[in-house]
Each structure stands twice: as structure tokens, then as C-alpha cells.
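Asker: Residue numbers (the working numbering), protein chains in the order written: chain A, 1 to 360; chain B, 361 to 640; chain C, 641 to 931.
Hint data in this document are derived by calculation from the structure and do not stem from the laboratory.
This structure is a prediction, so every number in the text was calculated from the model and none was measured.
Ideal Cβ placement from N, Cα and C applies to all residues, glycine included.
Please note that the accuracy of each hint is not assured.
Label-pair distances were calculated between CB atoms; the ranges are [claimed, not checked]: (1) B:Leu383 with A:Gly134: 47 to 57 Å; (2) B:Ala375 with C:Ala871: 28 to 38 Å; (3) A:Gly134 with B:Leu621: 53 to 63 Å; (4) B:Ala545 with A:Pro63: 51 to 61 Å; (5) B:Leu383 with A:Pro20: 23 to 33 Å; (6) C:Ala916 with A:Glu118: 34 to 44 Å; (7) B:Ala545 with C:Val708: 57 to 67 Å; (8) A:Gly48 with C:Ala916: 41 to 51 Å; (9) A:Leu79 with C:Ala916: 53 to 63 Å.
Chain residues, written in single-letter form:
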Amino acid sequence: MPHDFKQLRLDRVSRRFLNPSGAITTAVDALSATIPRGEFVALLGPSGCGKSTVLNCIAGLLPLSDGSIFLDDQRIDVLPPERRGFGMVFQNYALFPHMSVRANVGFGLRMRGTPAAEAARRIAKAFALVQLEGHEDKLPGQLSGGQQQRVAIARAIVIEPPLLLMDEPLSNLDAKLRLEMRGEIRRIHRELGRSTIYVTHDQDEAISLADRIVVLQDGRVQQIASPQEVYAQPANVDVARFMGYRNVLDLKVEKTSGDYVVVSGDGVRLTGTIKQPLDGARAWAAIRPEEMTVGTGGVNVIDGKIENVEYGGRDSLIDVRTGSGLLLHARTPGKPTPGETVQLTVPPERVLVYPHGGAP
Amino acid sequence: MSATVERWGGRAWGALLVGLMALFIVNVALMVAAVATNSFARRWLGTWLPDGFTTGWYAAAWKEFQLGDVLWVTVEVVLAVVVLSVLIGVPAAYALARREFAGKRIVLLLFLLPLIIPPFTYGIPFATVMYRVGLAGTLPGVILANLIPALPFVILVMTPFIEQIDPNLESAARVFGAGTARMFAYVLAPLLMPGILAAALLVLVRTIALFELTFLTAGPDSQTLVVALYYAVFAAGVRAPQSVDAMAIVYMVVTLVWLLLALRFVNPTQLVSRVREQPA
Amino acid sequence: MNAAARVARPALIDSAWLLVGPAVLFLLMLFVYPFLYGFALSFQPLEGGRLANYQNFFADSRAWRTLVTTFGLALPVTVINVGLALPIAFRLRRRTRYQRWITALLVVPITLGTVLIADGMLTYFGPRGWLAQTLQLVHLYDGPIRLTHNYWGVLISLVISGFPFAFLLLLSYVTGIDPVLARAAATLGANRFNQFRHIYLPLLAPGLAITFCLAFVQAFSVFPSAVLVGAPSGSTRVISIAAYEAAFENYDYAMASTIAMIMGFAQLIVVAAVLALRRAFYRGPVSGGKG
């Protein structure tokens with residue numbers, strides 16, 4: 001397997017399952033993407049969106065129903081997993097319980113027949129990279145969750161794979177350890193200088209780790225973009241919802257002018273930015289709570305009464321009920337009391353308007 | 361190149377294993393079919409099929425082997441064994457699943473041994489004791505003999521079943537004001553029922569088929585079906601083989617009916633080992 | 641039922657014994673006591689010194705040969721049964737409808753038991769049975785086919801009852817191993833054979849050892865088929881027949897108990913050997929992932 005590869009290319013990769021009931025489910029539908037060497041790509045989506053299926057297809061653990069996968073010019077989707085040479089970190093680590101930590105890490109080298117001295121050197125290097133020196137002779141069961149996680153990573157990287165595949169590697173750790181390991185994973189990726197494909201359902205994780213995010217839903221790619229873009233400019237209303245735009249309002253289109261549009265309904269009237277060509281009289285307006293602030297003035301002003309306050313230390317998340325009964329989520333510094341009347345404001349650039357299209 | 365060799369090798373190996381399995385199952389099925397055919401055969405000597413069919417052998421077997429009495433004894437023994445092993449075994453299983461107590465490991469070993477040691481090994485000394493105390497050849501003696509493996513079996517089937525019931529459910533019932541009796545009646549008993557049913561069915565099937573211990577302790581009036589069948593086959597020279605096979609079919613039908621019923625509730629593997637159902 | 645409550649109220653210990661007590665008492669009376677009684681009885685021969693029964697057993701070639709005969713049946717049978725069951729159970733490790741059908745079918749011969757199998761064999765494997773007719777029809781073998789009333793009859797009957805047992809037991813061990821481990825090995829470059837060799841086989845070692853022991857012990861105590869489809873006074877005069885004859889034909893319960901003790905001891909030796917062998921290979925947990 002060439003290690004100085006240039007890119008991994010997925011070409012209309014599809015995977016269909018036959019349900020026990022006899023129906024065919026499409027887990028991944030014609031996914032195409034190119035991942036250049038050195039890039040950290042996150043596959044992001046809600047559970048059941050097909051992201052783990054994509055990863056298993058790349059690893060060779062699941063056959064494709066359609067499409068192909070290329071490493072540079074070599075077609076690899078026809079190879080069994082053991083011939084692809086990718087490193088994979090599994091969700092529950094899948095450490096071999098009967099082997100010492102050292103034997104776990106060295107397993108891939110053993111399968112490749114790497115000479116002992118060379119193997120020992122690389123194993124030591126891998127242990128240093130994941131900072132696990134001193135635990136080599138323990139059994140996996142004797143390690144903590146975070147340490148097991150590191151062993152799993154060391155086992156995957158010691159074979160110096162062109163591609164490192166990670167399937168929700170942090171989902172079994174507690175919140176504090178998760179943040180710590182995030183930094184570690186990013187560091188390891190940087191030091192190896194190869195490509196990483198990282199599956200997660202946590203948008204914070206994806207945004208903080210990835211160079212590029214592939215947002216998946218129902219087996220289809222919704223958006224492939226940088227974290228900044230996915231965060232600030234979701235491609236469609238589904239991605240917006242998933243990325244934390246908690247206010248999604250069903251409004252009537254009044255008039256459009258260039259990129260701007262005025263939408264109204266339920267007692268509110270907002271000027272927003274068109275993100276996708278509008279196709280009818282109604283549209284979705286998506287707003288992040290943190291971009292809707294308490295204050296006066298501006299183009300978009302909504303009056304309402306605070307119904308509920310969720311204090312978060314630096315600021316508070318408030319639920320505001322408008323006169324017409326609409327419930328909005330906003331953030332405000334300090335800790336207001338329920339019952340207060342407030343005026344919310346949001347700049348037109350941060351009201352993202354999407355066509356009504358399908359159901360929300 | 362080597363990938364192709366590997367793939368074809370894998371396929372040939374797979375085909376070989378499937379073939380062996382098929383060979384086994386087909387031969388066992390044919391064996392059963394041969395017994396069934398013979399039990400309806402008027403005369404069958406070295407040909408593919410008998411030269412005529414009759415149901416007469418069943419009536420003959422019924423009379424000749426006193427199947428009415430034998431079946432009645434079998435029902436008595438099996439019923440008593442199932443009821444007693446559940447009554448004594450379920451509380452013990454509950455204690456093993458829920459409590460830590462001094463001597464638990466030894467108790468577990470005690471419950472495991474009768475299932476590991478084959479009946480014939482301890483059956484001889486057991487039968488000796490039964491003869492000394494005058495219980496040999498009696499119905500209670502046979503019931504006691506059959507309880508030796510049945511009781512541990514119920515315990516070992518029920519323990520993991522009880523372990524997987526959330527102990528918080530019992531605590532919750534107590535928190536909401538149920539005393540021990542009502543907790544048992546409203547919470548524990550309904551939760552235990554499927555497990556008890558499964559254990560009872562499994563013990564039932566095993567007891568019908570348990571040969572050695574009954575054989576070593578039974579007298580002429582306390583034979584169960586399987587022991588009567590043994591004596592019938594043993595004396596095959598003097599009996600018509602068709603009537604022996606008719607009796608075998610009676611035995612098989614009795615066993616299989618209960619086995620089919622049991623398989624509706626349990627994993628077949630549970631008949632031989634203690635397993636937990638895993639999610640697929 | 642938390643730990644604190646248990647420590648604070650030692651009375652709970654008593655109630656646990658209340659629950660297990662009847663079962664324990666029962667087995668002490670019906671299982672442990674007879675065993676000890678038999679053990680003591682074996683040292684009280686009808687005539688001679690304390691060890692006379694044991695000396696007689698090993699002096700009488702008709703007696704000690706039964707031990708050889710039994711090993712000669714039980715060892716090959718166990719190797720065949722476990723050796724066949726392992727690859728087949730491994731092949732069927734994925735939970736499919738097919739697997740469920742096979743397991744349900746294989747339970748049948750176990751449930752029916754050796755007596756019925758013996759009867760069936762006399763009809764089916766006998767010299768005029770369907771098998772002999774088929775073999776002669778395709779001229780696979782033209783001589784007289786003797787698969788009953790000899791060593792082979794008992795061997796076949798022990799395979800019919802023992803193979804499903806070994807298979808079901810091994811299947812429950814195989815399916816208990818997390819398949820993700822093998823997939824992890826695959827991504828690290830292990831082909832199917834290496835996945836089996838390095839992942840499944842060591843993880844199966846404990847289950848394999850237990851299966852071998854149970855299968856052996858079962859075959860070792862063979863009785864009905866050795867009488868019904870074997871040659872009970874010749875090539876298949878196994879040790880349980882000797883014990884039975886001592887008790888029920890000679891009414892020498894002391895000698896019968898002696899033979900039962902020797903039988904149990906022989907089984908114990910093999911079980912201990914297998915478990916020691918296993919320990920030499922592998923010690924560790926069976927489940928994968930987090931410890």
C-alpha cells in the first residue's frame with residue numbers, strides 16, 4: 001500500500017440493506033467526496049444517518065452496493081479489509097482482551113511480518129505518541145476508558161496507515177476526558193501528517209477537530225464544507241437545525257430584493273438572507289439562539305415575555321413568548337427573571353431563509 | 361492471485377462443513393423415519409419399504425409393554441420433579457442472583473457438580489443408599505433420583521434470568537409501599553413467570569429423557585417410559601421389532617411435543633448450557 | 641440491595657441461607673452423602689483387606705480392561721465431536737434464521753437420548769437397514785455391513801448424541817465473542833485464518849476446554865448404547881457395565897461403588913489434564929472491549 005498517496009476518492013458510494021421485513025433500506029446514497037492527503041474530515045450527522053456505514057465501507061468491513069473507492073488511481077473497494085492497510089479506531093475500542101497492551105499495539109505489525117527490532121521501535125514510538133509509556137504489559141481490562149482509547153489509537157497508527165478511520169471514538173468517555181482526548185487526536189493527526197476520517201454525531205467535536213465536514217442525513221450528503229461555513233452558512237434547513245439553529249420559523253415570503261428577503265407571520269416580521277433559491281410563498285427562517293440578543297433597535301425587532309431561564313454561568317438561555325404565542329430561544333448575558341418583558345433583535349445577515357420545500 | 365486461492369479455499373471449506381452438517385442431520389432424520397416406518401410395517405425384511413402397513417403394532421405395544429401404566433408413572437414422576445425442583449430451586453436461584461453470602465462459592469459448586477458429573481458415576485452409590493433405606497424400586501425413590509440433576513438445572517437456568525431483572529424494580533415496589541408479600545405477588549412473580557415457565561419446560565423435557573438414574577433406582581412398577589423402552593430394546597430378540605419401534609415412536613412423540621413447546625420460549629442452546637440471550 | 645445495607649444488617653445473610661438452604665440440604669442428602677457413602681463402602685469389601693476391592697479391580701484383567709475399553713471409546717469420540725463441532729459452530733456464529741433452525745434440529749437427538757438413538761440405529765444402521773441398502777445399491781461397499789453390535793455402533797451412537805451437545809455448547813461460546821474484535825483484526829491486516837488463529841481461538845480456549853471435558857465425561861459414562869448397539873460382553877464392555885453388573889447381578893455394592901469411584905477418578909484426571917493444558921495457553925476474560 002503506497003503511503004505517499006495524494007488523495008482518497010469516493011465515487012457515488014452506495015450501500016443498501018435488506019431489512020428483516022424484506023424492504024430495502026438505503027443507508028448511504030451515492031456519496032462522492034475527495035479527501036486529499038493530510039486532511040481531517042469529519043462525517044457528521046444524527047444517529048442512523050449512515051455515517052458509520054460509510055466508514056465501514058471505506059475500511060472494507062461492508063461491501064458496497066454501488067460505486068467505487070479509489071486511493072489515487074488504485075481501486076480499493078474490491079480489496080478485503082486486511083489488504084487495504086487503513087487504521088481504524090472502533091467505537092468500543094475492540095481491544096483484544098487476551099493480549100497485553102503491547103501485543104494489541106503490535107498486532108498489525110505482526111500480521112505484516114515486520115522484523116522484531118523494527119516492530120519494537122515503532123511500538124515504542126506509538127506508545128510515546130499516545131503517552132502511554134509504562135502500561136505496555138498490562139491487559140486492556142486493567143486500563144481506564146481513556147487509556148484504552150489511547151491504546152486503540154496507538155494500535156491503529158503504528159502500522160502507519162495512509163488513512164486513519166475513527167468511529168465515534170470519544171462517545172464512551174466522560175465529558176472532561178472527551179475534551180482532553182479531542183486535543184490529543186488533533187495533535188496526533190498533525191504529527192502523522194496523513195488523512196483522518198472521523199465519524200461523530202457531535203457537532204462541537206466535528207467543528208473543533210475537522211478541516212472539512214461532510215454533513216450526512218438519511219444516507220445523503222447535505223453539505224461538504226469547512227467548519228466555519230457549516231456553522232455559519234448551513235446549506236439547507238435540515239443542516240441548520242442540526243447545527244444548532246434552534247429557532248426555525250415557518251413564515252410567509254413578502255418580498256425579495258437581491259439576497260435579502262422579508263418574511264412574516266405569527267406576529268413577527270423579519271428581514272433575512274436567502275441561502276437557497278426560494279420556491280414558493282412560504283419559507284423557513286433559521287436563527288441561532290446566541291445570535292438573537294436582548295436589546296433595542298436594529299432592523300429585526302421582536303417583543304415578548306421571558307417564560308423560562310436556563311442559567312449557564314457566562315450567560316443565560318431564555319425562552320421568550322411573543323404576543324402571538326410564538327416561542328423563541330435567545331441568549332443574554334446575566335440572569336434575567338421569568339416574567340420580564342424583553343425586546344429581541346437579530347441582524348438580517350443572521351436570519352437564514354430557506355425554501356419551504358419538504359417537511360421540516 | 362493469492363486472494364482468489366483464499367476465496368476458493370474458503371468456499372470449499374464452507375461447503376465441506378455444510379456437507380458434514382447436512383450428512384449428520386439427514387442420517388438422523390432417516391433414522392427416525394426408519395423407526396416410524398417400521399412401527400407401521402406389516403413385515404419389513406431387507407427391502408426399501410415394508411410389504412404392507414398396519415397400525416396394529418401400537419395396540420400390541422400398548423398391551424405388551426403396559427404402556428398405560430408406564431405413561432402414568434412417567435406423568436407422576438415428571439410432574440413431581442418439575443413442581444419440586446421449581447419450588448426448591450427458584451428461591452435458591454434468587455438468593456444466588458441477588459445476595460452475597462458466606463459460602464456462596466461452595467454452594468455454587470455444589471449446584472454445578474450434579475450437572476457435570478455424569479449420572480452413572482453417582483447413580484451407583486445413590487442406588488446403593490436407596491436400597492439400604494428401602495426406597496429403591498419405589499416411586500418416591502425414582503422422583504428423588506430425578507431431582508438430583510433437575511434441581512441444579514432449574515437453579516442454573518433461573519439465576520442468570522433473575523440477574524437480568526433490574527433489582528431497582530423490587531426497590532421501587534418497596535419504596536411505593538409494597539411489603540414483601542405484595543412485592544412478590546405484584547412485581548417479582550410476574551417478572552419471574554417467563555423464566556419459571558422456561559425452566560419448568562426444560563426440566564420436563566430432560567426428565568422424560570433421563571435414563572440412567574431412573575434405570576438404576578426403578579423397580580418393575582416404577583419404570584418411566586424411557587426405561588421401559590430400554591428393556592424393550594434390550595429384549596428385542598423375543599419381541600417383534602415393530603412393536604418396540606411403536607413404543608419408541610410413542611416415547612418420541614411425547615418428548616418432541618414438549619420440546620417443541622419449550623423451544624417456543626427458550627433458545628435451544630439453553631438445553632445444554634447456561635447462556636444469556638445477547639442482542640443480535 | 642446496596643452494599644451499605646448489607647454491611648449494616650448482617651441479618652440478611654440468614655435470609656439468603658433460608659432461600660438456598662432447602663436446595664443445599666437436598667443435594668447434601670441425595671448427592672454428597674451417597675457419594676461419601678459409596679466412597680466409604682468401597683473400602684469395606686465383602687472379603688479381604690480395606691483395599692481389596694481396588695486390588696481386585698486392577699488384578700482382574702476382565703475388570704481393568706473395561707477402563708481401557710472406555711478410554712478407547714470416549715477419547716476418539718470426544719475428539720471427533722469437538723473437532724467437528726468447532727469449525728461448524730464457528731461457521732454458523734452469525735445469528736441467522738439458518739443458525740436457529742440448525743440449533744433447533746440438533747436439540748432433537750440430544751433430547752431423545754441414547755436409548756431411542758440405540759433403537760433407531762438397530763433399525764437404520766442394521767445389516768438390513770436403509771443405510772446398508774443404499775451403500776450396497778451404489779456399490780460403495782459390497783461386503784456385509786456391520787455397524788451395530790460392535791465398537792462402531794457405540795461410536796456412532798456417541799457421535800449422534802454427543803456432536804449436537806458439543807456443537808450447541810461451543811456455539812454459545814462462539815457467539816459470546818464480540819465480532820468487532822475480528823473486524824478490528826481485519827483492519828490491522830489479519831486474514832480470515834489469522835483472525836481465527838489469533839482472535840477467536842485464544843478467546844475460545846476456556847469454552848473449548850469445558851466443552852471437551854463435558855463431552856468426554858459424557859462419553860466416558862456411556863451405558864445404554866454400549867449394551868444395546870455394542871457388544872456388551874466383548875469389545876464394548878465399558879466400565880459402567882462392570883459397575884452395573886457388580887451392583888445388580890452380583891449384589892456386591894461395595895465393589896460397584898469401588899468401580900464408580902474409579903470411574904469418577906478417571907474422569908477427574910482427564911478433566912484436570914485438559915484444564916491444566918488450557919491454563920498453559922490462555923488466561924483472561926472472554927468479553928471484548930472495555931474491561
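Asker: Go through the numbered hints given earlier and state which of them the structure violates, listing their numbers in rising order.
Answerer: When the structure is compared with the hints, only number 9 turns out to be violated.
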